[in-house]
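Construct all of the structure, not just a fragment, from the sequences and the given hints.
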Amino acid sequence: MSDALVLVINSGSSSLKFALMDAQTGDAVISGAGECFGRDDARMSWKVDGEKTEKTLSAGSNHHQEAMDIIVGLIESNQLSDKLQAVGHRVVHGGETFSQATLIDDAVLGQIDALKALAPLHNPAHVVGIKAARQAFPSLPQVAVFDTAFHQTMPEKAYHYAISRQLYNDYGIRRYGFHGTSHYFVSREAAKWLNQAPEQTNVITVHLGNGASLCAVKDGQSVDTSMGFTPLAGLMMGTRCGDIDPSILEFLSKKGLSTDEIHHELIDKAGLLGVSELTNDCRGLVDAAEQGHKGAQLALEMFAYRVAKYIASYMVPLSRLDAIVFTGGIGENSLPVREMILKELAIFGYQADAEANAAARFGAAGQITTQASPLALVIPTNEELVIAQQAMAMA
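In terms of this note's numbering, the sequence shown opens at residue 15 and continues consecutively.
If you're looking for bench data, these hints aren't it; they were derived computationally from the structure. By construction, the Cβ of each residue, glycine as well, lies at the ideal position given by its N, Cα and C atoms. There could be a bad hint or two in this list.
For each label pair, taking beta carbons as the anchor points, the in silico distance ranges come out as [claimed, not checked]: (1) SER261 <-> GLN79: 43 to 49 Å; (2) ILE258 <-> PHE362: 25 to 31 Å; (3) MET316 <-> PHE376: 43 to 49 Å; (4) ASP54 <-> SER95: 28 to 34 Å; (5) GLU369 <-> PRO152: 53 to 59 Å.
Right, dumping it as structure tokens:
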């Protein structure tokens, strides 16, 4: 273990995930999560040297602060305080204000809070977590790493919507994109695989999980991405609809659905779950489809078809394509989904190698196409390592 440890924090409104990481190796020395914050059943669990511990939090307390106090105690009791160099915070939305990881001071914290209108479920929770961490570790540099930052290199033609300039100027309505730390990490790992410098690498990174997005990476920079103003846009996802005719919102409103009901339908009841009427879990859908469940089969077919269409369209901004790179829970582990996507791309010559596809899962990286096919890779993502490394760079 090196002497460069970073505490990585992902604070939600009712949860907090953390990992004390070796910024060089990416190994988590201590990791854990708190959940159900704000409720009587709030609790924390963590692992140290593979041993798991759980604790019920105090009713009525500030659970984010209590969680931080527990983390401080774990670091001190394991005699790691002298090795802790920085705290890195995942922040979902940096708007147009932040294009890179940023050292947090009072002004930066205020700017993150001011962006809450763009991410009302996330940024306020990040602010709570940051305040708790600053109180717990007042002498350590605290660094914000933004999901949106990697996509700030998109050209105007990619991030502007075809709406009035006034709406953009007044409300900041544009494509922002998300999963930026994941797309950044796997594009860099792909460059290593290709034995190329990142600034000489063109790939399409395909992050597939319950949330899903693609990114066209040209010369190491994001030039387009499928998520938009919010993470609802783009691909069909676990419970999110992805791209949809916006007139449907007005249609449903006139049918009597409230704004909240429409939002609930499109973000919580759509996607793989909505089409299959079964589950949003890809493994369950694959099993059900193999047993003849038509809804599961249709959901998987739609998912693969839409991913393939996006991949094809993202060849447009690239002067050449070095590789398609699959990552995320589904992208890293679902052999049938990867095979279905590559089959949809047969017009471009893509052909899955069954044996190689089967080998690239459960954390294993590898090429999954035949030697005669254009290249497709699987590369496991590591967003926590990106946060740790960027936090160390700012410390």
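Right, here's what the structure says about each hint:
Between SER261 and GLN79, the C-beta spacing of about 46 Å keeps the proposed range 43 to 49 Å intact. Roughly 27 Å separates the CB atoms of ILE258 and PHE362, a value that falls within the hinted 25 to 31 Å. Checked against the given bound of 43 to 49 Å, the beta carbons of MET316 and PHE376, roughly 26 Å apart, lie outside it. For ASP54 paired with SER95, a C-beta distance near 32 Å keeps the hint of 28 to 34 Å intact.
Against the hinted window of 53 to 59 Å, the Cβ-Cβ separation of GLU369 and PRO152 comes to about 54 Å, which satisfies the hint.
Hint violations for this structure: number 3 only, all remaining hints satisfied.
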